[in-house]
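Each protein sequence line maps, in turn, to chains C and H.
Under this note's numbering, the first residue of the first sequence carries the number 1, and numbering increases by one thereafter.
Under this note's numbering, the first residue of the second sequence carries the number 1, and numbering increases by one thereafter.
A portion of the hints provided could be inaccurate.
Within a straight-line C-alpha distance of at most 27 Å, the following computed DSSO-like cross-link-like pairs (lysine-lysine) qualify [to be verified]:
1. H/K41 x C/K45
2. C/K42 x H/K14
3. C/K45 x H/K14
4. C/K79 x H/K41
5. H/K20 x C/K79
6. H/K66 x C/K79
7. H/K14 x C/K79
Hints are computed from structural coordinates only; laboratory data are not their basis.
From a predicted model like this one, the values you see are computed outputs, not experimental measurements.
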Amino acid sequence: RKEVEQDPGPFNVPEGATVAFNCTYSNSASQSFFWYRQDCRKEPKLLMSVYSSGNEDGRFTAQLNRASQYISLLIRDSKLSDSATYLCVVNGGGSYIPTFGRGTSLIVHP
Amino acid sequence: GAVVSQHPSWVICKSGTSVKIECRSLDFQATTMFWYRQFPKQSLMLMATSNEGSKATYEQGVEKDKFLINHASLTLSTLTVTSAHPEDSSFYICSASPFSGGGGRSTDTQYFGPGTRLTVL
């Protein structure tokens with residue numbers, strides 16, 4: 001089993017839709033969780049950290065479920081500019097090396 | 001947010017030459033930096049962990065003699081691709097984390113450089 005797993009997609013949604021991605025992790029001792037966004041031929045950029053209490057930033061909401069060992073990202077009112085690959089990153093649990101998921105591709109169409 | 005720069009942003013070289021890529025943390029100190037490689041339509045692959053003042057730690061399958069890493073200061077790590085070949089053509093990205101030493105969520109947030117696109121002819 002991979003350490004961090006994501007559905008590669010692509011998720012193809014119309015503008016204005018709500019879309020959610022999940023990311024599962026295998027190391028129960030993991031401590032830090034992040035969502036990054038990567039545009040084509042660009043570097044990943046931090047979208048948001050994921051806290052135990054969950055957090056929200058505008059149209060984006062991230063949740064952590066430790067019991068089931070997954071994190072989620074919810075995007076409301078999708079925009080064309082949200083089209084990108086969303087990377088899940090898990091850190092800690094005995095290692096300071098961040099572990100990346102393979103990414104979930106989102107395509108928002110008019 | 002923290003800023004990481006990379007230089008050069010792209011490079012084209014002949015097979016057999018060596019290419020050096022610099023990664024700098026501009027507004028914070030980083031005892032650890034990470035080097036990744038990404039082939040088209042594939043995920044990021046961690047190559048090595050660069051530790052300031054000590055040897056880098058390479059991931060399995062990455063040749064340490066081919067990909068030389070030097071982390072001479074708390075703000076600079078370099079990756080040298082020696083005797084580059086066409087199969088080394090890729091997008092090389094570094095990342096760094098502000099290290100406060102006091103724990104907390106932000107200490108392991110990764111900030112990425114803009115990447116270096118290497119093409120070996």
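Checklist entry - Does the alpha-carbon distance linking H/K14 and C/K79 stay inside the 27 Å limit? => result violated (42 Å)
Next on the checklist: Please verify whether H/K20 and C/K79 have alpha carbons no more than 27 Å apart.
Outcome noted: Answer violated: H/K20 to C/K79 is near 39 Å, above 27 Å.
Next on the checklist: Need the status of pair C/K79, H/K41: alpha-carbon distance at most 27 Å?
Outcome noted: With a Cα-Cα distance of about 22 Å, the restraint between C/K79 and H/K41 holds, given a limit of 27 Å.
Next on the checklist: Between the alpha carbons of H/K66 and C/K79, is the straight-line distance 27 Å or under?
Outcome noted: Distance of about 43 Å is beyond 27 Å: violated.
Item to check | Proposed proximity, H/K14 with C/K42 (alpha carbon, max 27 Å) | outcome: Holds, at about 24 Å.
Checklist entry - Does H/K14 lie within 27 Å of C/K45 when you go C-alpha to C-alpha? => result violated (31 Å)
Checklist entry - Taking 27 Å as the top limit, are the C-alpha atoms of H/K41 and C/K45 close enough? => result holds (17 Å)
The structure shown violates the earlier hints numbered 3, 5, 6 and 7.
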